[in-house]
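Each chain sits in its own coordinate frame; assemble them with the hints.
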Amino acid sequence: MSVVDRQEWDVVVVGAGGAGLRAAIEARERGARTAVICKSLFGKAHTVMAEGGIAAAMANANEHDSWQVHFRDTMRGGKFLNQWRMAELHAQEAPQRVWELETWGALFDRTKDGRISQRNFGGHEYPRLAHVGDRTGLELIRTLQQKIVSLQQQDHRETGDYESRLKVFQECTVTRVLKDGSRVSGVFAYERESGRFFVLEAPSVVIATGGIGKSFKVTSNSWEYTGDGHALALLAGAPLLNMEFVQFHPTGMVWPPSVKGILVTESVRGDGGVLRNSEGKRFMFDYIPDVFKEKYAESEEEGDRWYEDPDNNRRPPELLPRDEVARAINSEVKAGRGSPHGGVFLDVSTRMPADVIKRRLPSMYHQFKELADVDITAEAMEVGPTCHYVMGGIAVDSDTAAARGVPGLYAAGEVAGGMHGSNRLGGNSLSDLLVFGRRAGLHAAEHAASLAFERPAVDDDQVDSAAAEALRPFSAEGPAPGEEDGRPPENPYTLHQELQQAMNDLVGIIRREAEMAQALEKLAELRVRARRAGVEGHRQFNPGWHLALDLRNMLLVSECVARAALERTESRGGHTREDHPAMERKWRNINLLCRLTDPTGGLAATDPVRGQIALTRETTDPIRADLLALFDKEELVKYLAEEELYE
Amino acid sequence: MSSYKAQFKVWRGDVQGGGLEDFTVEVNDGEVVLDIIHRLQATQAPDLAVRWNCKAGKCGSCSAEVNGRPRLMCMTRMSVFTREETITVTPLRAFPVVRDLVTDVGFNYEKAREVPAFVPPADLGPGEYRMMQEDVDRSQEFRKCIECFLCQDTCHVVRDHEENKRAFAGPRFLMRVAELDMHPLDAAEESGLDRKTTAQDEHGLGYCNITKCCTEVCPEGIKITDNALIPLKERAVDRKYDPLVWLGSKIRRRSS
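Those protein sequences? They're chains A and B, same order as listed.
In case it helps, this note's numbering puts the first sequence at residues 1 to 647.
In case it helps, this note's numbering puts the second sequence at residues 1001 to 1256.
If we strip away everything but chain B, and leave its shape as in the complex, we get (with noise of 0.2 Å):
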């Protein structure tokens, strides 16, 4: 057990603007950033703003830059920093500023709406729903997402082109409508909606040049890029251009 002190810079202020604010705070074995945020609120600035609620990356509340990369705060530990070494950190880049580490992330569940629902079949009740672990599998990967909007920070197609983000739904929003349309029961198709096509039309798939930014931040470590986007593109060109696939999409549809 050792503690020493370290230097933090904490981004502090609000829409009107702020800039930096120097801190020397100790630092014990074992913390991580969001320790430190709380030491500096219990002893230093008690109206540090910063949101957080499980403290065990599970709930994806305490999201920030540091030192300049998407993460969360209760899962970086102080030890993967230098004692010599300042640490930055910021509120995430690509939403508005509320106060000091608080973004207005209503961004997020904008988009979240815009997404259609799943459709469960309408030949099933409840309890009669039968899937195969293989089939579950894919969809179950994308619903390890905890919702961080890590991905939404630092997708380049947002971040920094507030211009896009009416047309684009982001990483996390993109791969939800994969996870629907991968998922075993879901009864789009039959009820008309194509999510292939509206990836594509609706939600800015397009935009997405995969650069696998998402990915590489994702805390949950789900390939967003490999096996939701471009599997999910795949699609969506198939759909688009592919004229049995488009020919067997009409047959199926008027015969419903």
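For reference, chain A alone in the conformation it holds in the complex (with noise of 0.2 Å):
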């Protein structure tokens, strides 16, 4: 087998989103040697599409606010299946890592005594998103990516080289993480740009790439979404949690058909956008559910009210969590009551002065402007759900961001899991990036520190067998099973839509049981097809061989979900059944794990049944007493099943 360049490293983090610089920031400032690795070039990340702030309880809008009260808002949110130790962690954290990022030259909106402004959203009782206009996403990774320069700046200085300590490997892809028993050793990875092979050795692995969007033909998601890094430790060995909770996004673009899925900030709606159907009517106020009844408004009057005066009134329904206004919307256009293009209103022209909603949501009305031809300073836009975050993920320890089972693997931001529950709040995955990519970066320093002298081997036959997997798209041809000679291989791009399409209509929004056992036979039909997915050229820059290689990632991670929906009967924030509408108390404290079939990570499985992914059941640490005190009892009755509330 070829020879595959070999470096040594610290640390390795995979991908350089919110998650993958803070944690890279952090374990350079530790003293590892550390090395990012991402999809796009530097700077790039998905994470510049988040558009309405960072949740973190600084009180700077309101004094009432608090780390507890963003606690409860975040467990609320997510349905009570959030890690709390994770949940509290991250309100506790956020307001220091937002400060932080004004050390680093970040520039946030101000309040008019010049500290940072904070914005409503859904599900938080408070003002509390820290915001950048409606590009608070960009604003992240700009100052990260200038703090990392800023390091290399400051390692220059001291060695004559700017990547001596922290070195961005871009546009580069991973396809393994390399092991030495049950340790990592290392990553194996491509160079998009030549198709060349490379191995970073490292003794710890931080995981941040983000989520698996791609999976789904609606989506807010670009093209890296294709769940990589779930994938990645899929097959290193590490457990997925509840990979059923996927969050559609109630307000992205349907029309023209080239944009659908294209992200319409909640900030229209914290700023006072209101939803209307297609008779003019605010439909918002039908669909609040008995657990949030005592907290939402009653009557127009009141909402509009409370964006003056939040002391004495309730928030409009407009703010519910997401699932809940995404499946509202979904009721609607099902019932007839939809947008010429299949979605509904949501209007700010009505409730604001154009210049105000130039100055506040100037993305979106430039995006509506440039796409759509709607100006919205004057009309209501047309929107509907897109597939916008996966609330599942790696399986991590809530203190150090460790992967579960493989010494060595880290992961942070939407990759991992937990967090967020059954549902994520808006503005709780900038701040979960920052709090968590620091952990991961803080762990995985010290965890390599530990190893210094007993660094992890990377095995040959590692390398080699990764090498030849990536190859396979160029030599792939031959016939089916069972089917006669000379058929040609599969089309990437064709099997992508496919898979998307499948994805998007058997488990989506609403899901059915026999319509999800019929997207694991179109899984294992894919995947089958798959292995022959053949690609044209050579190895430099060739977009459908890096696709031909991400589909793996993508029927992987499918399948978790796929199969993770069809076992949970109940509905719960980003999982809805129609054949099992009702929360159930007693899947409260459930999580599911999935897991490799093959723990040897081979790939060769076939059978729709059994597939590439088995599935455990485990019951959740109770939530701590101090925590559950936090919560008035008549509340949590309404979650916790009879004996969790007394013990």
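These are calculated hints, taken from the structure and not from any lab test.
Where hints are given, some of them may not hold.
[What the hints assert, rightly or not] In the DSSO-like style, the derived pairs of lysine-lysine whose C-alpha atoms are separated by at most 30 Å in a straight line are: (1) K358(A) - K1212(B); (2) K1233(B) - K217(A); (3) K260(A) - K1233(B); (4) K1111(B) - K1005(B); (5) K1223(B) - K369(A); (6) K369(A) - K1165(B); (7) K1144(B) - K112(A); (8) K1005(B) - K1144(B); (9) K1111(B) - K369(A); (10) K112(A) - K358(A); (11) K1212(B) - K369(A); (12) K369(A) - K1005(B); (13) K633(A) - K586(A); (14) K112(A) - K1009(B); (15) K1144(B) - K260(A); (16) K281(A) - K295(A); (17) K217(A) - K1005(B); (18) K1223(B) - K358(A); (19) K260(A) - K1212(B); (20) K1212(B) - K1165(B); (21) K1144(B) - K1233(B); (22) K1005(B) - K358(A); (23) K295(A) - K633(A).
[Said to hold, decoys possible] Covered stretches of chain B (chain A as the covering partner; in silico rule of three or more C-beta atoms under 8 Å from a C-beta of chain A): (24) 1002–1009; (25) 1022–1033; (26) 1052–1065; (27) 1088–1102; (28) 1105–1117; (29) 1131–1143.
[What the hints assert, rightly or not] Negatives, chain B to chain A, calculated, CB over 12 Å: (30) G1017; (31) A1045; (32) S1079; (33) F1081; (34) T1082; (35) D1160; (36) A1167; (37) R1176; (38) Q1200; (39) N1209; (40) I1210.
Glycine residues also receive a C-beta, built at the ideal position from the N, C-alpha and C atoms.
Dropping the structure here:
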């Protein structure tokens, strides 16, 4: 097998979004030589698309806010399935992480007295989101990017080399985590530009690859979101947690078709935008679920007053958590009260003056004007649900972000599970990236330091088989089982489209048992065909080849979603079963774990019943008493089983 | 809803050379140039190399030249062209081609490293920063930059003058200097770094003769020339020739 270039690092971070960059900064500042690998150019990661803000209880806009209130909101949003220790750490540490960004040069929008301004968002009791217009993610990624550059400048002054302690390998893809026994020993990757393979040897690997949205047809996610990190962890022997929970953001663009799914920020509603059906009715008032009845306005008048006087009025139901709003929109459209292009109307034009809209929502104004010929200061937008975020992910230890069962493997950000339970609140993602990105970097650096004199060895056989796996699309030919000779290779683009259609139709926002079973059959068929995905051309910047390799990951992750969704016979957060519409207290403390059926990481299984994924159930740790005490008993009985209440 | 067949010419090749290739391809209502490039990949040219990410004008990855004009392909509606028009898509001209529509934009990352980072004020801890909105407005405009590098591509100082690249940071990174210079809390000056002087001496501000080409192609509508480069030039000039400013800077530095 070909000789593959190898380099030694202490910590390798896979992914250069908010979590990956924050992890890299921390690891480097703790003394670890740190490499970051990302599929795109440095600074283009999906985090740039985050619009609304970073949730942190700084209490700048409402003095009553505190980490306890933020914790409560997060648990309610996740319907109490959250890994509560993560929710606690997140709420406690988010303000520090935001303030720290200011010391690195970030410029948030300000309050009148010069502090960081905070805006309202769905599910948050107080205005809590630090923001920069509606481009907060860009500010976050640029600030972290510039912090990395400043560390490199420091290294350059000391060593004469910008990349001596912190290097970004941009436009490179990791296809395998390498192991020495049970421990991580490095990663196998290829350069997208040249197709060249390389190995980074490292005792610690932080996975921060984001989500899985590209397995669905209508999504707000970019091409990068192919579930790479989820698949890397599975293949390395780590379990995924609660993969059935996929967030469909209530407001994506629905027209024209080529932009279907592109996000319309929740800030539109946070700042006063309202949802109406084709009859002009603000329908969200009809969709307030019992668990939230006391917290939301009963009339339009009360909801409207809340923007000015939040202490004496309740918030409008447009600001319910995302899962509730997405289901409501879905129901309205289904009942024939949708907009011309199959969505509902989101209107700010009658709610605030044009200049205020342009100042507070500049990219939304721009986006609709440029892409849909709609002037949002004069008319309503048409919006509908779009696949946005996966709450499920790599099962991690709350404090250290260490993946279960694989020493040296860490995960942070969207790819990690647990933090958001069954549904994430808007604004809790950017803060999650910073809080757990830092923790992952910290513990990865410590782990690497502890192994400085006994670094895990990279096994040549693993490198060879990773290289063979990556090259297979170039020699994909020959017949499918039971077919005649000479059948041409499969087109990876076609396979991808079929996968997206299947997941969208069969494991989408509303789920039914028979459809999910059908999805598993379809996934099995695609799995067989994907083994024959072939590509033209050569290894230099070849998107067809890249997609053929990403398909492995999308198929694995899609199977996790479908299998877990079939298993959980209740509706909770980002998992809605038409055949089991109620939230069941007996499911409240059940986690579903996905593991590879073949623990060696082999991927031969084509049996649709058995598949590549095995599910196990586990009971979650009881919520700590002092955290439970933050809630009223009357509220807890809606979520928790009797015995949990009195433990 | 109506669809039609459009004529496309797409540059294909690599560092060795290449040329325009003709394609006839379906176009549907509401589509953008990037949709068409994707359709070519899926149906006619699976190995056609192109960078893209968000497809929503937020990441600045899919920069190319469409009919000779630097643009984001995801924000270029097909409806701006007539149905008869042949649409020519070529890679950014100012940067070396890697393959097809993908260029080596490493120049920009090198220049980014040469701009000294934000210097936090020594006497303020996290959470203690106070800035007024009016004071952050100016730098916030520049921080809207999505680093699509269209301004770097179009700037005539480097577009056809490879030899100027070494001494010239380009509009994007001169704007970065301006952003930091106007940042209400940047303490570079207290640390002995004069951003105005370095803009002139190290980042090649003097090469810019304010033709505003950069502003014209900016997809974020940032007034790069008027709001960043001209004020920076004015400040740099003040710093260089105004004896009072010069004296003030000496006195301040000595006392710190």
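Status of each hint after checking the structure:
| no. | hint | verdict |
| --- | --- | --- |
| 1 | K358(A) - K1212(B) | 24 Å, holds |
| 2 | K1233(B) - K217(A) | 49 Å, violated |
| 3 | K260(A) - K1233(B) | 44 Å, violated |
| 4 | K1111(B) - K1005(B) | 42 Å, violated |
| 5 | K1223(B) - K369(A) | 20 Å, holds |
| 6 | K369(A) - K1165(B) | 36 Å, violated |
| 7 | K1144(B) - K112(A) | 22 Å, holds |
| 8 | K1005(B) - K1144(B) | 36 Å, violated |
| 9 | K1111(B) - K369(A) | 33 Å, violated |
| 10 | K112(A) - K358(A) | 20 Å, holds |
| 11 | K1212(B) - K369(A) | 24 Å, holds |
| 12 | K369(A) - K1005(B) | 25 Å, holds |
| 13 | K633(A) - K586(A) | 18 Å, holds |
| 14 | K112(A) - K1009(B) | 53 Å, violated |
| 15 | K1144(B) - K260(A) | 24 Å, holds |
| 16 | K281(A) - K295(A) | 21 Å, holds |
| 17 | K217(A) - K1005(B) | 24 Å, holds |
| 18 | K1223(B) - K358(A) | 17 Å, holds |
| 19 | K260(A) - K1212(B) | 35 Å, violated |
| 20 | K1212(B) - K1165(B) | 19 Å, holds |
| 21 | K1144(B) - K1233(B) | 21 Å, holds |
| 22 | K1005(B) - K358(A) | 37 Å, violated |
| 23 | K295(A) - K633(A) | 16 Å, holds |
| 24 | 1002–1009 | violated (count 0) |
| 25 | 1022–1033 | holds (count 5) |
| 26 | 1052–1065 | holds (count 10) |
| 27 | 1088–1102 | holds (count 4) |
| 28 | 1105–1117 | holds (count 6) |
| 29 | 1131–1143 | holds (count 7) |
| 30 | G1017 | 14 Å, holds |
| 31 | A1045 | 9 Å, violated |
| 32 | S1079 | 8 Å, violated |
| 33 | F1081 | 15 Å, holds |
| 34 | T1082 | 17 Å, holds |
| 35 | D1160 | 24 Å, holds |
| 36 | A1167 | 19 Å, holds |
| 37 | R1176 | 9 Å, violated |
| 38 | Q1200 | 20 Å, holds |
| 39 | N1209 | 28 Å, holds |
| 40 | I1210 | 26 Å, holds |
The structure shown violates the earlier hints numbered 2, 3, 4, 6, 8, 9, 14, 19, 22, 24, 31, 32, 37.
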